[in-house]
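Visitor: Spelled out from the first residue to the last, the chains are:
Protein chains: 2
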Amino acid sequence: MIRKFDDIISKAGSGKLKTLSVAVAQDDAVLEAVKIAKERGIADAILVGDEAQIRKIADSLGMDLEGFRIVDEPDVAAAALKAVELVHNKEADILLKGFLDTKLFLKSVLNKEVGLRAGKMMSHVCVFEIEGIDRLLFLTDVAFNTYPNLEEKAQIIENAVEVAQACGIECPKVAPICAVEVVNPKMQPTVDADELTKMCERGEIKNCQVYGPLSMDLAIDEEAAKHKKVEHPVAGHADILLFPNIDAGNITYKILVRTAKVKNGNVLVGTSAPVILTSRSDDFETKINSIAFAAVISKALTE
Amino acid sequence: MIRKFDDIISKAGSGKLKTLSVAVAQDDAVLEAVKIAKERGIADAILVGDEAQIRKIADSLGMDLEGFRIVDEPDVAAAALKAVELVHNKEADILLKGFLDTKLFLKSVLNKEVGLRAGKMMSHVCVFEIEGIDRLLFLTDVAFNTYPNLEEKAQIIENAVEVAQACGIECPKVAPICAVEVVNPKMQPTVDADELTKMCERGEIKNCQVYGPLSMDLAIDEEAAKHKKVEHPVAGHADILLFPNIDAGNITYKILVRTAKVKNGNVLVGTSAPVILTSRSDDFETKINSIAFAAVISKALTE
Numbered sequence: 002m003i004r005k006f007d008d009i010i011s012k013a014g015s016g017k018l019k020t021l022s023v024a025v026a027q028d029d030a031v032l033e034a035v036k037i038a039k040e041r042g043i044a045d046a047i048l049v050g051d052e053a054q055i056r057k058i059a060d061s062l063g064m065d066l067e068g069f070r071i072v073d074e075p076d077v078a079a080a081a082l083k084a085v086e087l088v089h090n091k092e093a094d095i096l097l098k099g100f101l102d103t104k105l106f107l108k109s110v111l112n113k114e115v116g117l118r119a120g121k122m123m124s125h126v127c128v129f130e131i132e133g134i135d136r137l138l139f140l141t142d143v144a145f146n147t148y149p150n151l152e153e154k155a156q157i158i159e160n161a162v163e164v165a166q167a168c169g170i171e172c173p174k175v176a177p178i179c180a181v182e183v184v185n186p187k188m189q190p191t192v193d194a195d196e197l198t199k200m201c202e203r204g205e206i207k208n209c210q211v212y213g214p215l216s217m218d219l220a221i222d223e224e225a226a227k228h229k230k231v232e233h234p235v236a237g238h239a240d241i242l243l244f245p246n247i248d249a250g251n252i253t254y255k256i257l258v259r260t261a262k263v264k265n266g267n268v269l270v271g272t273s274a275p276v277i278l279t280s281r282s283d284d285f286e287t288k289i290n291s292i293a294f295a296a297v298i299s300k301a302l303t304e
Numbered sequence: 002m003i004r005k006f007d008d009i010i011s012k013a014g015s016g017k018l019k020t021l022s023v024a025v026a027q028d029d030a031v032l033e034a035v036k037i038a039k040e041r042g043i044a045d046a047i048l049v050g051d052e053a054q055i056r057k058i059a060d061s062l063g064m065d066l067e068g069f070r071i072v073d074e075p076d077v078a079a080a081a082l083k084a085v086e087l088v089h090n091k092e093a094d095i096l097l098k099g100f101l102d103t104k105l106f107l108k109s110v111l112n113k114e115v116g117l118r119a120g121k122m123m124s125h126v127c128v129f130e131i132e133g134i135d136r137l138l139f140l141t142d143v144a145f146n147t148y149p150n151l152e153e154k155a156q157i158i159e160n161a162v163e164v165a166q167a168c169g170i171e172c173p174k175v176a177p178i179c180a181v182e183v184v185n186p187k188m189q190p191t192v193d194a195d196e197l198t199k200m201c202e203r204g205e206i207k208n209c210q211v212y213g214p215l216s217m218d219l220a221i222d223e224e225a226a227k228h229k230k231v232e233h234p235v236a237g238h239a240d241i242l243l244f245p246n247i248d249a250g251n252i253t254y255k256i257l258v259r260t261a262k263v264k265n266g267n268v269l270v271g272t273s274a275p276v277i278l279t280s281r282s283d284d285f286e287t288k289i290n291s292i293a294f295a296a297v298i299s300k301a302l303t304e
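Protein chains in written order, with this note's numbering: chain A, 2 to 304; chain B, 2 to 304.
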């Protein structure tokens with residue numbers, strides 16, 4: 002089982018290297034991440050975009066493009082679609098967003114002919130190594146789905162379970178996180194958490210243990226769970242934290258990155274291959290970590 | 002201006018000492034906090050409850066009750082009401098919850114004859130010193146109000162502004178925190194944040210600067226705000242973080258306490274005197290910090 006971010010990096014680099022397809026690759030931060038990912042043996046890449054601009058940026062970065070396949074497509078929309086198609090056709094394993102608008106990028110991902118639809122809902126999963134916590138935590142959804150209903154929450158859990166399994170956690174413990182650990186009909190997240198627990202008990206959510214509502218401390222802190230006498234295998238030991246809404250998820254993500262000692266990587270799943278939506282506000286290591294995380298997920302999908 | 006928790010402790014201990022009224026004081030954790038608060042010169046206390054039990058617990062703690070006024074009232078409901086009345090009559094300055102159910106405690110606080118109603122909405126404010134952040138942050142509401150509407154959010158801001166002012170911040174910067182920094186009609190918190198900003202511009206929310214929606218990083222991190230070119234005095238410099246709902250607020254509170262290096266204290270305001278609702282899951286220092294925080298607020302109310 003993977004317990005540290007370094008294990009994800011190692012696993013990404015073991016066996017046959019995975020290949021990124023970079024949509025609109027003329028972006029300095031993205032090209033630099035791709036360069037380092039290749040140097041560290043984390044992933045290879047195909048660069049799709051305006052070749053002249055890609056070469057210019059690579060020059061300024063001191064990046065040797067020897068060994069990278071480049072697909073010259075100066076038109077942004079066409080480049081995005083081409084990058085998606087390379088993954089669709091299995092010439093590449095992971096889609097990485099470059100220098101284009103997120104809406105246009107996602108439109109290409111969902112293209113009916115060459116896109117990456119898998120008949121499932123897409124969702125965002127991030128993995129965190131946090132100082133003082135002895136295992137990886139998978140947070141979902143902090144960036145893509147806004148106010149999922151019960152059925153959508155079940156699908157978000159299923160997507161995250163596949164990701165956690167790719168990281169070697171056979172039967173992940175899932176905590177639907179709420180403000181309180183008791184069901185309160187006036188607090189919809191607690192009602193949903195209770196229902197998700199029952200759905201898992203009835204086998205409607207598979208390959209995991211779901212238990213909630215749990216407050217954050219009762220989900221991740223064994224001592225807190227003991228203190229409050231909440232006895233359940235998930236309490237204090239959650240692997241996957243399901244957030245009730247994007248407000249709670251995104252704010253938690255941002256405060257963790259800003260105030261705790263963490264390593265993290267982020268990926269979109271529910272597609273036929275992992276998709277990386279790096280943001281310019283992510284630091285450099287987060288971009289590399291996201292590539293490694295996606296490579297580990299891709300390996301699990303194909304091996 | 003107060004920038005560190007130690008400054009709150011010092012301010013609490015300066016001048017005339019404030020007095021706690023402890024409702025149902027026969028609780029070991031609460032008595033220990035009261036003992037240390039007195040030893041450190043943070044606050045004095047009147048102990049209301051079952052005197053025999055109070056003396057027994059004090060004995061077991063090695064606590065000298067000499068110098069504490071004790072009001073013997075073995076009945077829990079009567080003791081709660083008596084403790085509230087002492088604050089109502091200005092014999093004490095701060096109400097501290099002891100060994101009783103939160104609902105019964107709050108019922109006493111809101112009692113029409115001897116309670117602490119101030120014609121305002123009650124709300125919870127916590128103050129955090131966080132390693133790596135150069136000022137105190139006031140978080141509201143992470144524990145009391147669940148899903149406040151726009152008007153309630155305005156009142157929660159006003160309550161928090163009074164608290165920040167008590168800590169020497171004359172015109173606090175208030176960020177209504179959201180998942181994103183753009184107004185999206187499908188995300189109510191962003192709509193409310195925009196409206197709160199306008200209410201402040203129109204002078205409907207006073208004595209502060211409100212600006213939102215802001216994501217957490219853009220609210221507290223100057224570099225992130227610069228990077229995203231969000232130019233406003235509040236961006237990157239928020240003192241008060243208004244949470245969109247209790248899910249986001251409570252989860253953020255719990256993750257901060259668990260994963261960052263923090264000192265924090267919590268208080269209920271909107272009443273005629275500050276009320277402390279310590280929870281058994283708070284650690285010992287948090288209880289002492291909450292007493293000091295309440296004392297500083299009480300000083301501002303009366304000086």
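Simulated from the structure, these hints should not be mistaken for laboratory data. There could be a bad hint or two in this list.
Copies of the same chain are indistinguishable here, so a pair counts whether it falls within one copy or spans any two.
Claimed, not checked - Below, computed lysine to aspartate or glutamate pairings styled on EDC-like, alpha-carbon distance capped at 20 Å:
(1) K57 with D195
(2) K104 with E114
(3) K17 with D29
(4) K264 with E153
(5) K229 with D102
(6) K227 with D284
(7) K264 with D73
(8) K300 with E205
(9) K113 with E40
(10) K91 with E152
(11) K264 with E132
(12) K230 with D284
(13) K57 with D135
(14) K36 with E159
(15) K262 with E132
(16) K262 with D135
(17) K57 with E159
These numbers were taken from a predicted model, which means no experiment stands behind them.
Visitor: Now tell me if each hint is right for this structure.
Guide: Status of the hints after comparison with the structure:
1. K57 with D195: Answer is neither: 55 Å inside a copy and 42 Å across each miss the 20 Å cutoff.
2. K104 with E114: Classified as within: same-chain Cα gap 18 Å, cross-chain 59 Å, threshold 20 Å.
3. K17 with D29: Neither way: K17 and D29 sit 27 Å apart in one copy and 61 Å across, limit 20 Å.
4. K264 with E153: neither (28 Å within a copy, 37 Å between copies)
5. K229 with D102: Between. Shortest inter-copy distance 15 Å satisfies the 20 Å Cα cut-off; intra-copy 47 Å does not.
6. K227 with D284: between (37 Å within a copy, 15 Å between copies)
7. K264 with D73: neither (34 Å within a copy, 54 Å between copies)
8. K300 with E205: This pair counts as neither: shortest intra-copy Cα distance 26 Å, inter-copy 57 Å.
9. K113 with E40: neither (35 Å within a copy, 71 Å between copies)
10. K91 with E152: neither (31 Å within a copy, 54 Å between copies)
11. K264 with E132: both (9 Å within a copy, 18 Å between copies)
12. K230 with D284: between (40 Å within a copy, 17 Å between copies)
13. K57 with D135: neither (44 Å within a copy, 41 Å between copies)
14. K36 with E159: neither (33 Å within a copy, 51 Å between copies)
15. K262 with E132: Both: 5 Å inside a copy, 11 Å across copies.
16. K262 with D135: both (13 Å within a copy, 17 Å between copies)
17. K57 with E159: Close neither inside one copy (43 Å) nor across copies (54 Å); limit 20 Å.
Hint violations for this structure: numbers 1, 3, 4, 7, 8, 9, 10, 13, 14 and 17, all remaining hints satisfied.
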